[in-house]
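A.B. asks: Using the sequences and the accompanying hints, generate a full structural model.
These protein sequence lines are chains A and B, in that order. Each residue of the first sequence is one higher than the one before, counting from 1 in our numbering. Each residue of the second sequence is one higher than the one before, counting from 1 in our numbering.
If you're looking for bench data, these hints aren't it; they were derived computationally from the structure. We treat Cβ as the ideally placed atom computed from N, Cα and C, and that holds for glycine. Don't take each hint at face value.
Unchecked claim - As a list, the in silico DSSO-like pairs of lysine-lysine whose alpha-carbon atoms are at most 27 Å apart:
hint: 1; chain 1: A; residue 1: Lys125; chain 2: A; residue 2: Lys55
hint: 2; chain 1: B; residue 1: Lys125; chain 2: B; residue 2: Lys55
hint: 3; chain 1: B; residue 1: Lys125; chain 2: A; residue 2: Lys125
hint: 4; chain 1: B; residue 1: Lys125; chain 2: A; residue 2: Lys55
hint: 5; chain 1: B; residue 1: Lys55; chain 2: A; residue 2: Lys125
Claimed, not checked - Chain B regions said to be covered by chain A (calculated; three or more residues, Cβ under 8 Å):
hint: 6; region: 107-120
hint: 7; region: 183-189
What the hints assert, rightly or not - Here are some chain B residues the structure puts well away from chain A; computed CB gaps all over 12 Å:
hint: 8; residue: Arg13
hint: 9; residue: Arg15
hint: 10; residue: Gln31
hint: 11; residue: Thr33
hint: 12; residue: His51
hint: 13; residue: Thr64
hint: 14; residue: Gly141
Protein chains: 2
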Amino acid sequence: MIGGMSRWAPNARGRLEQAALELYTERGFEQTTVADIAERAGLTERTFFRHFADKREVLFWGETALHEACVETIANAPDSATPIDAVTAALEAAGALIEERRELAHQRQTVIAANPELQERELLKLASLASAMAQALRQRGVEEPTASLTAEAGTAAFKVAFARWVDEPERRDLPRLARECLDQLHTATART
Amino acid sequence: MIGGMSRWAPNARGRLEQAALELYTERGFEQTTVADIAERAGLTERTFFRHFADKREVLFWGETALHEACVETIANAPDSATPIDAVTAALEAAGALIEERRELAHQRQTVIAANPELQERELLKLASLASAMAQALRQRGVEEPTASLTAEAGTAAFKVAFARWVDEPERRDLPRLARECLDQLHTATART
Numbered sequence: 001m002i003g004g005m006s007r008w009a010p011n012a013r014g015r016l017e018q019a020a021l022e023l024y025t026e027r028g029f030e031q032t033t034v035a036d037i038a039e040r041a042g043l044t045e046r047t048f049f050r051h052f053a054d055k056r057e058v059l060f061w062g063e064t065a066l067h068e069a070c071v072e073t074i075a076n077a078p079d080s081a082t083p084i085d086a087v088t089a090a091l092e093a094a095g096a097l098i099e100e101r102r103e104l105a106h107q108r109q110t111v112i113a114a115n116p117e118l119q120e121r122e123l124l125k126l127a128s129l130a131s132a133m134a135q136a137l138r139q140r141g142v143e144e145p146t147a148s149l150t151a152e153a154g155t156a157a158f159k160v161a162f163a164r165w166v167d168e169p170e171r172r173d174l175p176r177l178a179r180e181c182l183d184q185l186h187t188a189t190a191r192t
Numbered sequence: 001m002i003g004g005m006s007r008w009a010p011n012a013r014g015r016l017e018q019a020a021l022e023l024y025t026e027r028g029f030e031q032t033t034v035a036d037i038a039e040r041a042g043l044t045e046r047t048f049f050r051h052f053a054d055k056r057e058v059l060f061w062g063e064t065a066l067h068e069a070c071v072e073t074i075a076n077a078p079d080s081a082t083p084i085d086a087v088t089a090a091l092e093a094a095g096a097l098i099e100e101r102r103e104l105a106h107q108r109q110t111v112i113a114a115n116p117e118l119q120e121r122e123l124l125k126l127a128s129l130a131s132a133m134a135q136a137l138r139q140r141g142v143e144e145p146t147a148s149l150t151a152e153a154g155t156a157a158f159k160v161a162f163a164r165w166v167d168e169p170e171r172r173d174l175p176r177l178a179r180e181c182l183d184q185l186h187t188a189t190a191r192t
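C.D. replies: Pasting the structure below:
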């Protein structure tokens, strides 16, 4: 469906996102204005605001898709899947979505790591992902506290996998790293 | 050691904290000023700023003590303790500190739950607690990713225990709830 502005601004969203990440990396998030982003992308501020509520949203719009992918994966897991199986499949799916946008995700992470307010925002998004997964587990009949424990611990393992993915020079595949970390949870939590 | 202002303002910190929590509960955090808090406590704004950097800090100053208790417990755990044993002991100690201030902790939680910015702050504090525990585990010779996985998953379980502690009418003992949730992690993460 092509029409209206899109003739004049093909892939405006992608261009704005790329321009924003470049500027956040070069100058810092705080020092970048929406006017700067629009200019770098060769678009107007009006176009920017058609796609994003503010400059922070450029960094977080993808979270909705991750969120939906996780909840859907849990809802559609086979009846035989245990809670941790379902959560692992969900976080592998999330990892695959991030992996598809590997370069942008790395740039984004550098920007977030440099700004405590953005880090807080990122943590809130992760926490809400964990609650949504717990809710999806309860809808499969998983009881509390198992639903919350599995969702929260799974998200914790994903956080560890993600940090490794960002830091490691060999740049391993995120879905695989996520599965490895989730698999190690059981051993790591064994008591003497 | 009694001297200076303390003759005129015995337990000023405690009075300011109590006044702040009352006002945050009655009017909301945003609607309360430092002047309001000082007035309610029968103290001056100057005294407030001698104890707290800003009105948000009234809610978060206790986190440092929790943080230290956790790190110390891990450092002092017996050599025979596994990583999850050490993390469980640490989070029981944190639970005991919160339990000592049970009423204040409940009021505080209600205030934080009503304000997304405070929630983000709380999550950042929890995330930094998890990193500090991972670091304390590495200093005991625990390797990555086990150190981070154990610390993050333990913190996740503590979050679940804390939410139950806040919500349950019977008001069970937090250190015990924390241990129960930590104990259930291993079972909850078992794969088919």
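A.B. asks: So which of the earlier hints does this model not fit?
C.D. replies: none
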